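Use the sequences and the hints to build the structure in full.
One-letter residues, chain by chain:
2 protein chains.
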Amino acid sequence: MPTRLPPLATLQAFEAAVRHQSYTRAAQELALTHGAISHHVSALEERLGLRLFERDGNRMVPTEHGRLLVVKVRQALGLLERGFARAGRDEHVSLAVSVLPALASRWLAPRLPNFAEQHPDIDLCLDVRSGVADLAAGDADAAIRYGPGGWPDVQQVRLMGDELLPVCAPHYRGGRLPASVAELGDCTLLRNPWVPWEPWLHAAGAEWREPKRGPVCTDSAVLLDMAATGLGVALARRVFDDGDLRSGRLVRVLDISVPDPSSYFFVWRADHPQIDAIHLLRDWLLEQVLPTT
Amino acid sequence: MPTRLPPLATLQAFEAAVRHQSYTRAAQELALTHGAISHHVSALEERLGLRLFERDGNRMVPTEHGRLLVVKVRQALGLLERGFARAGRDEHVSLAVSVLPALASRWLAPRLPNFAEQHPDIDLCLDVRSGVADLAAGDADAAIRYGPGGWPDVQQVRLMGDELLPVCAPHYRGGRLPASVAELGDCTLLRNPWVPWEPWLHAAGAEWREPKRGPVCTDSAVLLDMAATGLGVALARRVFDDGDLRSGRLVRVLDISVPDPSSYFFVWRADHPQIDAIHLLRDWLLEQVLPTT
DNA sequence: CGCCGGTTGTGAGCCGAATTCACAACCAAG
DNA sequence: CTTGGTTGTGAATTCGGCTCACAACCGGCG
Numbered sequence: 001m002p003t004r005l006p007p008l009a010t011l012q013a014f015e016a017a018v019r020h021q022s023y024t025r026a027a028q029e030l031a032l033t034h035g036a037i038s039h040h041v042s043a044l045e046e047r048l049g050l051r052l053f054e055r056d057g058n059r060m061v062p063t064e065h066g067r068l069l070v071v072k073v074r075q076a077l078g079l080l081e082r083g084f085a086r087a088g089r090d091e092h093v094s095l096a097v098s099v100l101p102a103l104a105s106r107w108l109a110p111r112l113p114n115f116a117e118q119h120p121d122i123d124l125c126l127d128v129r130s131g132v133a134d135l136a137a138g139d140a141d142a143a144i145r146y147g148p149g150g151w152p153d154v155q156q157v158r159l160m161g162d163e164l165l166p167v168c169a170p171h172y173r174g175g176r177l178p179a180s181v182a183e184l185g186d187c188t189l190l191r192n193p194w195v196p197w198e199p200w201l202h203a204a205g206a207e208w209r210e211p212k213r214g215p216v217c218t219d220s221a222v223l224l225d226m227a228a229t230g231l232g233v234a235l236a237r238r239v240f241d242d243g244d245l246r247s248g249r250l251v252r253v254l255d256i257s258v259p260d261p262s263s264y265f266f267v268w269r270a271d272h273p274q275i276d277a278i279h280l281l282r283d284w285l286l287e288q289v290l291p292t293t
Numbered sequence: 001m002p003t004r005l006p007p008l009a010t011l012q013a014f015e016a017a018v019r020h021q022s023y024t025r026a027a028q029e030l031a032l033t034h035g036a037i038s039h040h041v042s043a044l045e046e047r048l049g050l051r052l053f054e055r056d057g058n059r060m061v062p063t064e065h066g067r068l069l070v071v072k073v074r075q076a077l078g079l080l081e082r083g084f085a086r087a088g089r090d091e092h093v094s095l096a097v098s099v100l101p102a103l104a105s106r107w108l109a110p111r112l113p114n115f116a117e118q119h120p121d122i123d124l125c126l127d128v129r130s131g132v133a134d135l136a137a138g139d140a141d142a143a144i145r146y147g148p149g150g151w152p153d154v155q156q157v158r159l160m161g162d163e164l165l166p167v168c169a170p171h172y173r174g175g176r177l178p179a180s181v182a183e184l185g186d187c188t189l190l191r192n193p194w195v196p197w198e199p200w201l202h203a204a205g206a207e208w209r210e211p212k213r214g215p216v217c218t219d220s221a222v223l224l225d226m227a228a229t230g231l232g233v234a235l236a237r238r239v240f241d242d243g244d245l246r247s248g249r250l251v252r253v254l255d256i257s258v259p260d261p262s263s264y265f266f267v268w269r270a271d272h273p274q275i276d277a278i279h280l281l282r283d284w285l286l287e288q289v290l291p292t293t
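Heads up: the protein sequence lines correspond to chains B and P, in order. Once you know that position 150 of the first sequence is 150 in UniProt numbering, the rest is easy, because the numbers rise by one and skip nothing. Once you know that position 211 of the second sequence is 211 in UniProt numbering, the rest is easy, because the numbers rise by one and skip nothing.
Keep in mind that the hints were calculated from the coordinates and are not lab data. Since this is a predicted model, take the numbers as computed values, not measurements. Using N, Cα and C, we set each Cβ at its ideal position, and we do this for glycine too. Please note that the accuracy of each hint is not assured.
Unchecked claim - Distance windows between CB atoms, simulated:
#	chain 1	residue 1	chain 2	residue 2	range
1	P	E183	B	E91	39 to 47 Å
2	B	R4	P	P273	40 to 48 Å
3	P	R25	B	P193	24 to 32 Å
4	B	P193	P	P199	34 to 42 Å
5	B	R246	P	A116	42 to 50 Å
6	B	V216	P	G205	46 to 54 Å
7	P	L50	B	S94	50 to 58 Å
8	P	V61	B	G214	51 to 59 Å
As the list claims (entries may be wrong) - Below, in silico cross-link-like pairs of lysine to aspartate or glutamate (EDC-like), each with a Cα-Cα straight-line distance of 20 Å or less:
#	chain 1	residue 1	chain 2	residue 2
9	B	K72	P	D127
10	P	K72	P	D56
11	P	K72	B	E81
This is how it looks when you write it as structure tokens:
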């Protein structure tokens, strides 16, 4: 399996040849003879089983295959050149990212090692807060926000939507878990003011409304902890309760779920001085989220 | 100039060594001896003047520099491997992009050759229309929209904001161009229903309001053509009149400009089957726009 | 047409670099 | 301390890239 890749010199020769549309000029640039370029290109063509150039008079014009290939080659060479030019200088970048507590602990934290590995030159500083960080004021360099989207003055992409479903501790009420929506009315509904029960109750066909009293917590993770102690039934998002469901700390109640009308968004400002790092973070987040869509 | 890059075999050896944290295992993977790996790594270290590995017992653990470097190397190698694996198969992708007429002709069209060169595997199909394409209905794969942002159910990034400033033909009114806001009141104001004069008039301190009569055109490019014929004064966006101003076909009137409250946005759907190509298009658009911010 | 300055294709041979080999040094664990 | 593992290193070998020289080809021009 070793080196099924052509040598670098070959790639550089190919790239220069495409750029100049001429072997001799490419050879001049690389301080070689035209013969070297010719050998390189024919070696490449033989290896791929494809013609990469066609003669047009005394110009060498790349074929379709050649044009497709040279893009990747150029990107790779550029990456290497930049990588080696910068090697030695440590150009660490620090990004302050505002994140909601629940998402930070249950979703982001376990994935951070992966980020650190893929982007060792970016130090993330998680600014965990319940409120909304004002990016314009410099509260943070970027943020993950929860809501309907459409914030003014910032760039934004939706990271993930979710489903809402009720969960509680398996030993809640001595194990006599509610089996119907009506029974659920006798339970303590744990509430998060940002995640109302209304849409779910409506979808489940409940004839009663969300109670105005009882335990309230503004943080979803803590709300789940409360549910796990047997305090009541919480309306949970999949992202957060996945681990708890698997470990048996929590169980689903009834099998009705509704799409969460709110989503998580990554937001940033286009004029940020370290926009490159922010884009890398954005793309990484989108990758993490890809399976979920 | 030539090959200031280390040979590919060296990079592969380095990468494998980082991955295995062991020269001998890296050597096994590449079907080489440990000596080869050792030589490769020390050649790299000497070339860079940096230590890339440190011994930890009988493990070789990469230094900070090593970890930073290996990221670029991995990306580059990955790019090449994928590039060469796919070479030959033509995996062309076609994207239908809905664009407003003015933007398509004055801004996007002249940049398309650049896109074609950078992404020869993506065929753009410009769906030029004045209305809003419904991405969910499959009207297009992505779109560039003009407005305040915050559309539901789509991903979006702001491409560019702009300034609004009045322009007219240099020979308008026989060359007696309006020199004050009051004088502008005697001129014919060409109107685009999507780009009201109000904010500009307000900023300029006009004591009169936008006329309800006179020429109207829903397309900014055509509106500028109308102004160029001497029909009246148009409220133009920089993106569009730049060329006209340089060529002298149009001149600025008064030197007051206001930020355009609307912007151009690139919008797409995260669940699109060709999301990779869409991301490439998005990133390319953002690059085009970078100087403008 | 036929020459000329330009290009690319090709095979032989040279030279340098990548790899191996063999041995020394070192480490961790028994 | 020995044993089985690792890495460092210099010399020998092998392999591949490059040049060189010549043939083939193209476009233009007299």
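Against the structure, the hints come out as follows:
no., hint, verdict
1, P:E183 / B:E91: 39 to 47 Å, "violated, 55 Å"
2, B:R4 / P:P273: 40 to 48 Å, "violated, 30 Å"
3, P:R25 / B:P193: 24 to 32 Å, "violated, 54 Å"
4, B:P193 / P:P199: 34 to 42 Å, "holds, 37 Å"
5, B:R246 / P:A116: 42 to 50 Å, "holds, 49 Å"
6, B:V216 / P:G205: 46 to 54 Å, "holds, 51 Å"
7, P:L50 / B:S94: 50 to 58 Å, "violated, 22 Å"
8, P:V61 / B:G214: 51 to 59 Å, "holds, 53 Å"
9, B:K72 / P:D127, "violated, 28 Å"
10, P:K72 / P:D56, "violated, 24 Å"
11, P:K72 / B:E81, "holds, 9 Å"
Against the hints set out earlier in the document, violations occur for numbers 1, 2, 3, 7, 9, 10.
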